[in-house]
Every structure is written in C-alpha cells, then in structure tokens.
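Enquirer: In case you want the letters, here they are:
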Amino acid sequence: MIAFCIRRALWMVLTVWAVFTVSFFLMRAVPGGPFDSERALEPEIERNLKRKYNLDAPLYQQYFQTLGQVVRGDLGHCMRIGDYPVATVIREGLPISAALGSVALSFALVLGLLAGVTSAVSRGSAADVGLRLVATVGIALPNFVIAGLCILVFVFQFGWFPAAGWGSPIQVVLPAFCLGAPYAAYVARITRTSMLDVLSQDFIRTAKAKGASPGRVTFIHALRGALLPVASFLGPAVAGILTGSLVVEQIFAVPGLGSYFVQAAILRDYTLAMGVVMLYTVLLYTMNWLVDMSYAALDPRVELN
Amino acid sequence: MARALFPWVVLAALLFSAVFSTLGGGLPPADFTFCNESEVKSLDPAIVTGSPENRMINALFEGLTRLHPQTLEPIPGVAERWDLSDDGVVYTFYLRDTARWSDGTLVTADDFRYSLRRFLGPRTAAEYAYQAWYIKNGRKYNRGGSGVEPGDPVEVELNLPPDAVNSLRGELLHGTFVRLENQTGEPLPDDERDSTDRVFVVEIDGQENRFVSKDDADAGATPHDGLRWCRQVLFDFRDVGVEAVDDRTLRITLESPTPFFLSLMGFYPLYPVNQTCVETHGSPAWTYPENLVGNGPFTMQLRRIRDRIRLAKSETYWNRDEVKLNVIDALAVDSITTAMNLYMTGNVDWITEAPPTALRELIHAEPPRDDINPSTWLSSYYYLLNTTKAPLDDLRVRQALHMAVNREEIATKILAAGEQPALSLVPPGIEGYVPQLALPQDPDEARRLLAEAGFPEGKGFPRIDILYNTHEAHQSIAELIRKQWQRELGISVRTRNEEWGTYLSSQRQARYDVCRKGWVGDYADPNTFLDMFVTGGEQNNTGWGDPRYDELIAAAARESDPDKRMAIFREAEQILMRDLPILPLYYYVSKNLVKPHVRGFYNNVQDFHPLWSIWVDDSGAPNEFMQGARGR
Chain P
70 MIAFCIRRAL
80 WMVLTVWAVF
90 TVSFFLMRAV
100 PGGPFDSERA
110 LEPEIERNLK
120 RKYNLDAPLY
130 QQYFQTLGQV
140 VRGDLGHCMR
150 IGDYPVATVI
160 REGLPISAAL
170 GSVALSFALV
180 LGLLAGVTSA
190 VSRGSAADVG
200 LRLVATVGIA
210 LPNFVIAGLC
220 ILVFVFQFGW
230 FPAAGWGSPI
240 QVVLPAFCLG
250 APYAAYVARI
260 TRTSMLDVLS
270 QDFIRTAKAK
280 GASPGRVTFI
290 HALRGALLPV
300 ASFLGPAVAG
310 ILTGSLVVEQ
320 IFAVPGLGSY
330 FVQAAILRDY
340 TLAMGVVMLY
350 TVLLYTMNWL
360 VDMSYAALDP
370 RVELN
Chain V
545 MARALFPWVV
555 LAALLFSAVF
565 STLGGGLPPA
575 DFTFCNESEV
585 KSLDPAIVTG
595 SPENRMINAL
605 FEGLTRLHPQ
615 TLEPIPGVAE
625 RWDLSDDGVV
635 YTFYLRDTAR
645 WSDGTLVTAD
655 DFRYSLRRFL
665 GPRTAAEYAY
675 QAWYIKNGRK
685 YNRGGSGVEP
695 GDPVEVELNL
705 PPDAVNSLRG
715 ELLHGTFVRL
725 ENQTGEPLPD
735 DERDSTDRVF
745 VVEIDGQENR
755 FVSKDDADAG
765 ATPHDGLRWC
775 RQVLFDFRDV
785 GVEAVDDRTL
795 RITLESPTPF
805 FLSLMGFYPL
815 YPVNQTCVET
825 HGSPAWTYPE
835 NLVGNGPFTM
845 QLRRIRDRIR
855 LAKSETYWNR
865 DEVKLNVIDA
875 LAVDSITTAM
885 NLYMTGNVDW
895 ITEAPPTALR
905 ELIHAEPPRD
915 DINPSTWLSS
925 YYYLLNTTKA
935 PLDDLRVRQA
945 LHMAVNREEI
955 ATKILAAGEQ
965 PALSLVPPGI
975 EGYVPQLALP
985 QDPDEARRLL
995 AEAGFPEGKG
1005 FPRIDILYNT
1015 HEAHQSIAEL
1025 IRKQWQRELG
1035 ISVRTRNEEW
1045 GTYLSSQRQA
1055 RYDVCRKGWV
1065 GDYADPNTFL
1075 DMFVTGGEQN
1085 NTGWGDPRYD
1095 ELIAAAARES
1105 DPDKRMAIFR
1115 EAEQILMRDL
1125 PILPLYYYVS
1135 KNLVKPHVRG
1145 FYNNVQDFHP
1155 LWSIWVDDSG
1165 APNEFMQGAR
1175 GR
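Line order of the protein sequences matches chains P and V. Everything in the first sequence is counted per this note's numbering, starting at 70 for the first residue and increasing by one. Everything in the second sequence is counted per this note's numbering, starting at 545 for the first residue and increasing by one.
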C-alpha cells in the first residue's frame, strides 16, 4: 500500500512535468501572443511589456525560469484576465466550481444509482425502458440545450428560479441540474449494466439461498460489486465536474473556473492557461489514484500493485 | 441502521456547508444593476483599453475635464476652469478646492504631474500611451532610451533593491546625454542600438558617466570598470510639457495645437491616480478594493472575480450632491444571451448589447418597445485590401471590388439593428465634418474596370480569400460579399476564419487578401480614423501609402483653425476613398437595452454613459434614452 502510494506520487510528479512541458511549448507555438490587440503596440512599448513578463528571453530560458517558479509554488500573474495572481484566480474560482460540482455530482449519483438499480432489478419492464430512454436522451442532449430548455420552462414560464448569477442557494439549483444531468445518465447506464452482470453471478444466488432479503441482496451484496465500473467512471468525471464547465458557467453566469480553460487559451494568457491545465492534471491524477484505491475497498479480490 | 447512515449524514452536511460558504451570504440589492460585459482586466487607468474598464474607471476616477453625458462636450471636472494661450499650445488648468481623494486628501496639480509621468513612463507599459504624445516631448519620454538624442537633457533612474515595492522609482540623476557606445568604449554600430548592453554616456555636473541598464535583481553584481548600473536612461521629465505651477494650477504645453485635447483630458487613461496609494501597495495590489484610493463619484465596495464590482457613492466627491445612485452593481457576464435573460427577468436595468437573434424582433416589436433605441456611433466596419499583392495592387481591381458590393443588401439581410451602409471611413456625427464618400455601387462599371485590368468576366482572376475573426456576424457578411463578387464579377472567392489572436497576427504580417476590420473612435474627431492610414501606420496593414496623404495628416496636426483643419481632413479622406485600400461597409449602431425607469442615460456618438448622471425614477415619466425613438 505505502509502496504503491510512493510509486504513484513519483509518477504524478513526472506526469505534471510532462504536461507542463508540452503545454508550455504548445502555447508558445500558437501564432499571436498575450499582448496582441486591435490597436498595435509601438515596438518600444511591446518590448517593455515583454520584459515585464519575461517574454523577451530565448524560449529555453523562459522555460527553465517558469519551471523554477512553478516548482517554488509561484504560478505567476495573469497576463490578460484580471490583474490578479493566477493563485488568487484559482482560489476564488475553484471553491465555486467545486461547490457547484459537488451538488451536481451528488445529484448525479443519487439519481443515477437509483435509476440504474431500478432498471436492472426490473429488467425489461416499462420502468426499465422508460429510464433507459431518459438516460439516453440525457447523454445525447448537450448541456446548453438542457440549460436552454430549463431556462425557458423554469425561469420564463414558471418564474421559479432566477435566470443566472451566484450568491443564493436558489441560484445553485438550475446550473447544478444542468451540469449533473449527463453524468446522472451515464451513471444510470453503467450501474444498470454492471448490476445485471453482478446479479447473474454465483454469490448472489448463494446470498438468496441463505435467505437474505431481496433488498439486502440488491443493495449490500450486488451494488457493492456493481460500483466498480461506476467508481472508475467517477474518477475523471469528478476532476472534470469540480473544475467547472465552460458552457454551464457561461449560461448561468457562475464565476467559477470553467471558462478560464477556454478563455485563457484564446487570449494567450500563458500563465493562467498553464495554471489551470496543471490544476486539472493534478486533480485528474489524484482522482484516478483514489479510484484505484477504492477498488481494493469495494472488491476484496483486487490487490493494489 | 442509524450507524450506517451516520457517515452519509456527515458527508451531506459537509457538502452543503461547503456550498453555502461560497455563496457569500447574499448581498442587499443595489439601486442600479447593469451587465458590464466581461471581467475587467485591471482598474489601473494607465494600462487598460477596453469598454468594461472604461465604465469602471469613469466611476472610480475623474480627470481634469468630464464629458457631458449627452453632447460629449468637455465640462469642468477636477479643473473648475482653464485658459488656452493664443497660439493654442499652452493650457493652464485651475483645480477646484473641493476635489478630494477618497482618503480625504486634496487632489493637487502634483498628482496630475505624477500620474502623467507614470502613464508615459516606459516601465508602465501603457498601451494607450500615444494619447499623451500630444504633450510636448511626451513621445520622447515615452520611448525611453531609444528616444534620446545627443544633447538632450536626460534623467537617469538608479536601481532599487529587488524587494522594493514595484511602483517606486529609483533615485534620479539629471544630466545631458552625450552618446551611445558599447562596453569597450567604441561608438555603437546602428544595428546594436537596441541592445540591452548599450552604454549611455551622460554628462552630469561636467563629468562623463557611463550607464548600463540592468534589472534590479541583477544590479547587485559589481559592474566593469567605469560603468554604473541604472534602471533606465530617458528624456528628462522636467522638460516634458507638464508643470505643476502651484498646488492648484497645472500647466500643460502641447507639441502643436490639438483641438480635441480637452476631450482627451476627460478620457480615462489620462486620469490621476493617488501616488501614496500606488507606492504603498505596489502594482497591481493598489487597485484591490481594500486598497484603492480614487477621486471619482463612486468608490469600490467589493470586487468578486468574474462576478461583480459593487460601487458605492463617494462621500468625498466634490459633486456628490448631484450623484443620485447610492449603490451600483456592475456584473461581469460573458454571454450576451445570459445578459439578455437577466434583463428580461428584471434583474438588471441596462445591458450594453442585445443578442443579434433577438434584436430584429425587439426593434420591430408592435407596439414599439419602450427600452430600445439604436443610434449610430463613431465606429466603422470595413475590409482591408492587401495592396502589395497582385491583382489587388491594381487600382481598377480595387474599384471593381468596391463597386460590386451591394451594401444595402448587407444592411437589410444581415444587420438587424438598422446599421447604415457606409461609403466612407469616417462615420457621420462629428461636428463640422462631412464624410467624403467613395463612388456608389455600380456593377456594370465594376465589370468594365475588371475587364480593363485584364480580367474580362473574371477570367484569369486568381482566387482571393476574405479573412475574418471567428464570429457569426462576420461570417454572414463575408459569405454575402463572396456571393456578390462571384455573381457580379465572376471571380472566385473563399472565406477564411481565424480565432482572434491568429487573425491579428495574420493581419499584422499581411498574410491575407481581404481582411475584415472594425474601428471605434477614441474621441470625436476625424483624426482618430484618418491617422491610421499614414504610410507604414500601425493600423495600416494594407501596404498602401501616399505622400500627399501623410502630408495632410501632419498638416492637420499643426493647423489651429477648425474649419481649415476639417478641410484638410476632407482632402485626406478623398484620397483614401479614391485609392480604396479599404472598402467601407457600414457604421455600427449602439444596441443598449435600458429599462424605462432609468433616467439621465443618453444616446451619444461614443456610446459613453457615465454612471454619475444616471438615476432611477419610478414615476413613469418618459426617459432621455428613448428620445427620437420609433413610435414616439
């Protein structure tokens, strides 16, 4: 277990370094720079700007300097978006994205698991077909369509929820629903498939034979085993959902992290783009790591190796 | 069972406390809320260029003059009055005794001197610095070490310790610039003049000193024999035309008469900043809500990144009795559809732009709406033609392309807000200036010209690209023009889109045939449009140039008689519209949606709406914004 964690930690350092290197050079290979604007800069002014952000040194020097800063925990200053350090932008945005994401995720899990288990237990029934249909629609419909429909119905027709913004609990409901809906659908489908798989196994028959109640068989014996594929889906899903979504955050004007992933790249905000990419890498890696560890907890046959 | 549930209950509680902690406990509603487009890049007046920043800085700071919210005439701001010398180059501003910073101290002439120096200082890297080049020697100072010539008075800024607050200036030595040389003492060859190793020889008190610019972090090392480190050597600011005569009197000397200078002093990059605040906190921390000291009608209560800036009426503002709003929320909303949703549900009182899809419907609604009134403003939408590439280097080809465009069709089919087709670069609406029009649409003449240029019915004409930055509206226009050219001229045209950064660099390196472009005037004067197209101008990426045109633009800068000046501009625009390095297409209109209870909000040619003039009136009286609208 400890050896496993140490090995994983070493790999994480390597992965983050590789991602840093690739994105550093990719960012700079794209035409344009952080100081492009419609009003062209006088050459002298541009030179000063570049000096200020250390963009006038040869590329390899910039690389080692930036790497050195990142190792010391300094992500630098945003070049285009906000006059804040990257760390502040992440500190303000991440909790909001994470809060929205956790609500969306809890909703996705509760709804997805319930629907999946119901489908599997009553396989072939009308409920099963209905739930599968809803799940397929949920996966097929992009976020912005769900969001558009929700706004039309719940904001303009019924007036139950505010159109956008962040600050009161009622403003969390619609974005969380729209963010969580596709995940709920995936979870439902995965749960159903793996439940069916587990329900046909020998140990379930044994459990039934020794007289365990149907509820106990389904939720304790079967569900635990069926959670394995769900857990491996959740790893990357959690990393994605916690760092926010461009579409949902834009539509509902939620001041999370999501839009930086796209905006920073479009505006050539080198430092911010590097910051969010590395944050995502670390989160994704950590989540996958946790998933691997959860396998051992969920299935006694798995050994961490 | 209860024991099994316990961890889940704890988890759920943790989750919800996490969510509630980020919600910030809900703010009391503001008196006036509007969508301020995207998150502001900074609140430092010297370094920003966008319109969301413009709105915020105009609320937090105030210049020597203000622009009247309706007419845009410069009216007294921090300066209560001013004199102009007979030759039109020396302005003397008299500051009012009641102008105060939000920390209670007086706004002095020295504050303006400090702010203008900071704005022009090369280390500030102000993108808008050229707006202060009208001040005598402003450009020289702004260009730093590259701007000094032998014999010039210079200031040498010495290094500070690397951990000093980044907005402090080093100790200054004053002297006379002698020459540039390299580190071994030989004269510098021309191609090394921009090298960072160059040595500035400066005579101080009769002694020659040799200075080399060094970053503060590296200035701890001992320099070679006979050299001294410094931050920079630049033109002496004491010889720049900004002088604090006394506490309340500021004298600004210009390079040449500049009729729009008073308007420029009401333009936000030239606003004063508080020296103590800037130098205590350093940049950019001085702009944070807890630190910022301004002199405008409002102060900043809080700023949440990508959420909102909350403004409160300033208790120290000299004209506070005229400011009617107490609390304003400026929301950062990226998506215009979301802004529209917020507006339609009554959460905001003003949005700066309605989505194009909704616009047509809103404008033609029956009965007419009481909250939309598009009006033209100082901005042009046009295509650049790359005159360095065949066949666009042939005037007849450019004329043919120009005459084959049906601008009416663009205006009626694509543009929803009543944008006017354009045949000139300078839009209408500048007092005293009549835009000079290019020849009107004429497909027959276009075909004849194209044949004369050697491409009868478009035969042998190479395929040309229309480049635009990725955006639905630009795409529809490019597609329509492509069809018009193919239909009228028989030539083959392709459209190509690039996202913003790439598009800008293609444009700058002239890797295009035809390229979409828009320009918004910085001030109400033809100069802001016409000076772009001087030979080799930064915005003139067409390769076109005309010596007579350059002469005219230079002559206009020297001319103090307004009528003669406008005549010069007219001649210049005639040249531009004759040679057609650009194809004007249409003039933009403003697309504000403003609730009927908002008063003191006027349509004007710069789409500029200072918050101090706005108030909320629920009496149902007609508001200023809707004056002259359809159905009234």
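It is worth saying that the hints were derived from the structure and are not from the lab. Just so you know, not all the hints are guaranteed correct.
Okay, derived cross-link-like pairs now, BS3-like style, lysine-lysine, Cα gap no bigger than 30 angstroms in a straight line [what the hints assert, rightly or not]:
id, chain 1, residue 1, chain 2, residue 2
1, V, 585, V, 684
2, V, 1003, V, 933
3, V, 957, V, 585
4, P, 119, V, 758
5, P, 119, V, 1139
6, V, 933, V, 868
7, V, 1027, P, 119
8, V, 868, V, 1139
9, P, 119, V, 1108
10, V, 957, V, 684
11, V, 684, V, 1108
12, V, 1108, V, 680
Enquirer: Does the structure keep residue 119(P) and residue 1108(V) at a Cα separation of 30 angstroms or less?
Expert: violated, 42 angstroms
Enquirer: For residue 933(V) and residue 868(V), compute the direct alpha-carbon distance and say whether it is at most 30 angstroms.
Expert: violated, 57 angstroms
Enquirer: Take a quick look at whether residue 119(P) and residue 758(V) sit within 30 angstroms of each other, Cα to Cα.
Expert: holds, 15 angstroms
Enquirer: When you check the alpha-carbon spacing of residue 585(V) and residue 684(V), does it fall within 30 angstroms?
Expert: holds, 28 angstroms
Enquirer: Could you grab the alpha-carbon distance between residue 957(V) and residue 684(V) and see if it respects the 30 angstroms cut-off?
Expert: violated, 49 angstroms
Enquirer: Does residue 1139(V) sit within 30 angstroms of residue 868(V), going by the straight-line distance between their CA atoms?
Expert: holds, 17 angstroms
Enquirer: Would you mind confirming whether the straight-line C-alpha gap from residue 1027(V) to residue 119(P) stays at or under 30 angstroms?
Expert: violated, 43 angstroms
Enquirer: When you check the alpha-carbon spacing of residue 1003(V) and residue 933(V), does it fall within 30 angstroms?
Expert: holds, 18 angstroms
Enquirer: Sort out whether residue 585(V) lies within 30 angstroms of residue 957(V), counting only the CA atoms.
Expert: violated, 36 angstroms
Enquirer: Given the hint that residue 684(V) pairs with residue 1108(V), does the C-alpha gap stay at or below 30 angstroms?
Expert: holds, 28 angstroms
Enquirer: Is the straight-line distance between the alpha-carbon of residue 1108(V) and that of residue 680(V) 30 angstroms or less?
Expert: holds, 23 angstroms
Enquirer: Is residue 119(P) within 30 angstroms of residue 1139(V), Cα to Cα?
Expert: Answer violated: residue 119(P) to residue 1139(V) is near 44 angstroms, above 30 angstroms.
When the structure is compared with the earlier hints, violations turn up for hints 3, 5, 6, 7, 9, 10 and for no others.
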